[in-house]
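Asker: Each chain, letter by letter, is given below.
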Amino acid sequence: MSADLSAPVLSGAVLLRANPLSKLFAAGIVTVAVMLSIDWVSAAVVLSGELLLMPLLGISARRLLLRIWPLVAAAAVGGYGTALLAEKTGRVLLDAGPFLFTEGSVGAGIAVALRGLAVALPGIFLLISTDPTDLADALGQKLRLPHRFVLSALAAMRLAGLLLDQWRMLGLARHARGAGPDGSPIARVRDFLGQSFGLLVQAIRRATRLAVAMEARGFGAGPRTWARESTFSAVDLWVAAAGAALAAAAVAAAVAAGTWNLLLT
Amino acid sequence: MTAGSTRPVAATAEGWGWRHAGRPGFAVRGVDLRIEPGERVLLLGASGSGKSTLLSALAGVLGDAEEGEQEGRILLDGDPPAARRGRAGLVLQDPDSQIVLARVGDEVAFGAENLSVPPPEIWRRVRESLDDVGLDVPLDRSTSELSGGQKQRLALAAVLAMRPGLLLLDEPTANLDPQGVTEVRDAVVRTLDRTNATLVVVEHRVAVWADVVDRVVVLGAGGGILADGPPAAVLGDPATRSVLAAAGVWIPGWPPPLAEAPGSRTPGAELLAARGLSAARTRRGPAVLEGVELSLPEGSALSIVGANGSGKSTLALTLAGLLRARAGTVTAADTLARGAGTDPARWKSAQLVQRIGSVFQDPEHQFLTGTVAQELEFGPRSARIPAAEYGPRIEALAERLRLTHLLRANPFTLSGGEKRRLSVATVLATRPAVLVLDEPTFGQDAGTWAELVGLLRGLVAEGRSVVSVTHDDDFSRALGGGILEVRAGSARLMAAA
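Top to bottom, those sequences are chains E and P.
Residue numbers in the first sequence follow the working numbering, run continuously in steps of one, and reach 265 at the last position.
Residue numbers in the second sequence follow the working numbering, run continuously in steps of one, and reach 762 at the last position.
Because the hints were derived from the structure by calculation, they are not lab data.
Every value quoted in this text rests on a predicted model; they were computed, and no experiment measured them.
In this text, a Cβ means the ideal position worked out from N, Cα and C, and glycines have one as well.
Check each hint, because a few of them may be wrong.
Chain E side only, calculated, beta carbon under 7 Å to chain P, not exhaustive [what the hints assert, rightly or not]:
{"no.": "1", "residue": "K88"}
{"no.": "2", "residue": "R91"}
{"no.": "3", "residue": "D134"}
{"no.": "4", "residue": "A156"}
{"no.": "5", "residue": "R158"}
{"no.": "6", "residue": "R177"}
{"no.": "7", "residue": "P185"}
{"no.": "8", "residue": "L210"}
{"no.": "9", "residue": "A213"}
{"no.": "10", "residue": "E215"}
{"no.": "11", "residue": "R224"}
{"no.": "12", "residue": "A227"}
{"no.": "13", "residue": "T231"}
{"no.": "14", "residue": "S233"}
{"no.": "15", "residue": "A252"}
Some chain P residues well away from chain E (every beta-carbon gap over 12 Å; in silico) [to be verified]:
{"no.": "16", "residue": "G280"}
{"no.": "17", "residue": "G287"}
{"no.": "18", "residue": "G290"}
{"no.": "19", "residue": "D361"}
{"no.": "20", "residue": "Q363"}
{"no.": "21", "residue": "A426"}
{"no.": "22", "residue": "P443"}
{"no.": "23", "residue": "G489"}
{"no.": "24", "residue": "A585"}
{"no.": "25", "residue": "W612"}
{"no.": "26", "residue": "G644"}
{"no.": "27", "residue": "L672"}
{"no.": "28", "residue": "R673"}
{"no.": "29", "residue": "T691"}
{"no.": "30", "residue": "T695"}
Here are some, though not all, of the chain E residues that point toward chain P, as calculated from beta-carbon distances under 10 Å [to be verified]:
{"no.": "31", "residue": "L151"}
{"no.": "32", "residue": "A153"}
{"no.": "33", "residue": "L172"}
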């Protein structure tokens, strides 16, 4: 099975119908709001908002978790590390030799873990609810980015999705030639590097051939039209407004609770 | 005016030549040619006579002074091709390296978008082009899910949506199974009949196109044009025929000369056996084949045949010890295993290369080093065979497969035929008793074809077992031995000649 990165994951969901630019805006403003302050209130508000909006994605919690579990694990590890090492203020919760947790340090750990998740999720939502072709259309038509750049990136993305298949094939071919990963860890690392280099060589050759094929089809010659018109609809207004509202709610809640802790000051 | 009709292009070459940057000699030189609007031309010539270079020049994608030096000129309707972008449409050999976008409809629309065609007109052209090539799939079907023949028809449709007056096809059917070849050829004919576009097609296998074209042009190996005229006249002329045959062109009714078939032999002891074997591409993916029973004795040949996607390659990879059996067993006899254990899938790489050799469909997948010489030494060295032993062996192999003059060259810069010969030579360098080849004759000219058949027959006569996945009936027949047909998830032994 090839993992085609440029094929959309979902169909029929509300967010899939929204223009990629409105999703980009919403994800951007929410991310900025969380990034601005290290506190658990703003992060918790954003994270709950994101979880409430999840049904709009049309993806089940289980499937979502399967995709993002490394992020959840990373957030948990980050939170634990912070709780262990942060300044020990407030009541002692656990004291077991080197493992000393206090109210202050655990609070900081929770804030870091929540914030990590809250920052990562908008990007994830954007990625799984957006068809890259639609994004390229929007960037080229609405933002007027140079079409050479946008479409080259789109074509490259499709090739990137085919690399997994090529990697597997290269592994078999190398084993068949006697270059398989036998023996010591050093030999394995060398083999991995060799296979990576082989993949790089093939990717470049493939990209060169594709560039010729694109040129032969008139790519980059001058002005172009777009077969798929990128449009905004009422859904986009809602998506952008929801993003802005969530960001504002997070900041307001944190300021009201007195936990607002601006990063830049 | 009917939708989609287009003004055919006249193409001329005047004393034209091209030298790739960094190469001392011209790839092609002294070409004088006038192709009238609406003509259908088959372009022939030896490997390296510059057929593809000429096509690229006609398509206007040969590049500028940085990429090479041009002499003379090429004109489409009196203008340089670069000034006539979109008038010529090019379809290449490899279906995978010319698809740009993820969905079928977008892919066909891409060229028309680049020519600034208004969107409503684009979608009309998309439907019309897909109709022309007979590709009846939804517009949002993923381009990665198409078969090889479908991908080539998609590439053709993508070019047709630009309404080219000149259709340029560079071995468009070389990588396809027989059904795919017919699909693509028929789609081209249907399109030409409707649009009247001019056609220039490059192809080794003349039979595919001989009835379709009205002119055959043969490029000389040393430059210039060797023959030019109606198919019957050019292909019927004994002098031209022998030159073409020597250049590796497949001429109908003129099979490549083969050394005499080795006398009948009795297959010896069993080397490798499959019992109740299920094969799967990935560890968790579905099994593509089940219940395969097979025995590969010494001195035997076996062809695995069947439609694209039926699991032939997966079966071959499993027999070759590269994929684990999903169920059932692949068992190596003691004469093959020589102490390495009975399951080839558990052998280390260094053990595998001395017992079972695999030749992949795309030779480039197997190249690991920077020169042909290193490539030949690689297997023996990783198997720790002493240089004194492998030195003379690979010298003889290079001689036998005409690679001696290329020992210093980079494998990736070789021609298609040279790459194939090298990929076979690298595998033979470690003397495996079982050889597994995946489509060894795809895209090969008649010369390389005959050489491969001769070499493999020799290996069988020596007592080795040769397994080939192939669509090429001539090849299976020439090699003899059993034919295993793979169909609908199971495999059936058809014949043992």
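Asker: For each hint, tell me whether it holds in the structure or not.
Answerer: To see whether the hints hold, each was checked on the structure:
Residue-level restraint check for K88 (chain E) is violated (minimum Cβ-Cβ distance to chain P is 47 Å; threshold 7 Å). Taking 7 Å as the C-beta contact cut-off toward chain P, the hint placing R91 (chain E) at the interface is violated, the least distance being around 49 Å. For the restraint placing D134 (chain E) at the interface with chain P, the shortest Cβ-Cβ distance is roughly 10 Å, beyond the 7 Å limit, so the hint is violated. With 7 Å as the threshold, the beta carbon of A156 (chain E) stays out of range of chain P, its nearest partner Cβ sitting at about 10 Å, so the hint is violated.
A distance limit of 7 Å between C-beta atoms decides the matter here; for R158 (chain E) the minimum to chain P is near 6 Å, and the interface restraint holds. For R177 (chain E), the interface hint holds, since its Cβ comes within 7 Å of a Cβ in chain P; the closest pair sits about 6 Å apart. Of the supplied interface hints, the one on P185 (chain E) is violated, with its beta-carbon coming no nearer than about 15 Å to a beta-carbon of chain P, more than 7 Å. The restraint placing L210 (chain E) at the interface with chain P holds, with a minimum CB-CB distance near 6 Å, inside the 7 Å limit.
At about 4 Å, the closest approach between the beta carbon of A213 (chain E) and any beta carbon in chain P falls short of 7 Å, and the interface hint on this residue holds. The interface hint given for E215 (chain E) holds, since its Cβ lies 5 Å from the closest Cβ of chain P, which is under the 7 Å cut-off. The interface hint given for R224 (chain E) holds, since its Cβ lies 5 Å from the closest Cβ of chain P, which is under the 7 Å cut-off. Below 7 Å, beta-carbon pairs count as interface contacts, and A227 (chain E) has one with chain P at about 4 Å; its hint therefore holds.
With a cut of 7 Å, the hint placing T231 (chain E) at the interface with chain P is violated, because the nearest CB-to-CB distance is about 12 Å. Given the 7 Å rule on beta carbons, the hint for S233 (chain E) is violated: about 18 Å separates it from the nearest Cβ of chain P. A distance limit of 7 Å between C-beta atoms decides the matter here; for A252 (chain E) the minimum to chain P is near 42 Å, and the interface restraint is violated. Taking the minimum C-beta to C-beta distance to chain E, about 24 Å, the non-interface status of G280 (chain P) holds against the 12 Å cut.
For G287 (chain P), the non-interface assignment is confirmed: its Cβ lies about 15 Å from the closest Cβ of chain E, beyond the 12 Å cut-off. The beta carbon of G290 (chain P) sits about 22 Å from the closest Cβ of chain E, which is more than 12 Å, so the claim that it is off the interface holds. A Cβ of chain E approaches the Cβ of D361 (chain P) within 12 Å, the least distance being about 8 Å, so the stated non-interface status is violated. Against chain E, the non-interface label of Q363 (chain P) is violated: not every CB pair exceeds 12 Å, the least being about 4 Å.
With a closest Cβ-Cβ approach of about 9 Å to chain E, A426 (chain P) is found to fall inside the 12 Å limit, against its non-interface label. Residue placement check: P443 (chain P) keeps its beta carbon more than 12 Å from all beta carbons of chain E (closest about 24 Å). Every CB of chain E is more than 12 Å from the CB of G489 (chain P) (nearest about 26 Å), matching its label as outside the interface. Distance check on A585 (chain P): its Cβ comes as close as 7 Å (rounded) to a Cβ of chain E, failing to clear the 12 Å threshold; non-interface status is violated.
Against the 12 Å criterion, W612 (chain P) falls within the reach of chain E, whose nearest CB is about 9 Å from its own CB. With a least CB separation of 5 Å from chain E, G644 (chain P) falls inside the 12 Å interface cut-off, contrary to its annotation. Remark: the non-interface label on L672 (chain P) is consistent with the geometry, its nearest Cβ contact in chain E lying 18 Å away (cut-off 12 Å). Listed as a non-interface residue, R673 (chain P) keeps its Cβ farther than 12 Å from every Cβ of chain E; the least gap is roughly 19 Å.
With a cut of 12 Å on Cβ distances, T691 (chain P) falls inside the contact zone with chain E, its closest approach being about 7 Å. Chain E draws T695 (chain P) into its interface by the beta-carbon criterion, the shortest separation being 7 Å against a cut-off of 12 Å. With a least beta-carbon distance of about 8 Å to chain P, the hint placing L151 (chain E) at the interface is held under the 10 Å criterion. Because the closest C-beta pair between A153 (chain E) and chain P is about 12 Å apart, greater than 10 Å, the hint is violated.
Of the supplied interface hints, the one on L172 (chain E) holds, with its beta-carbon coming within about 5 Å of a beta-carbon of chain P, less than 10 Å.
When held up to the earlier numbered hints, the structure conflicts with 1, 2, 3, 4, 7, 13, 14, 15, 19, 20, 21, 24, 25, 26, 29, 30, 32 and fits the remainder.
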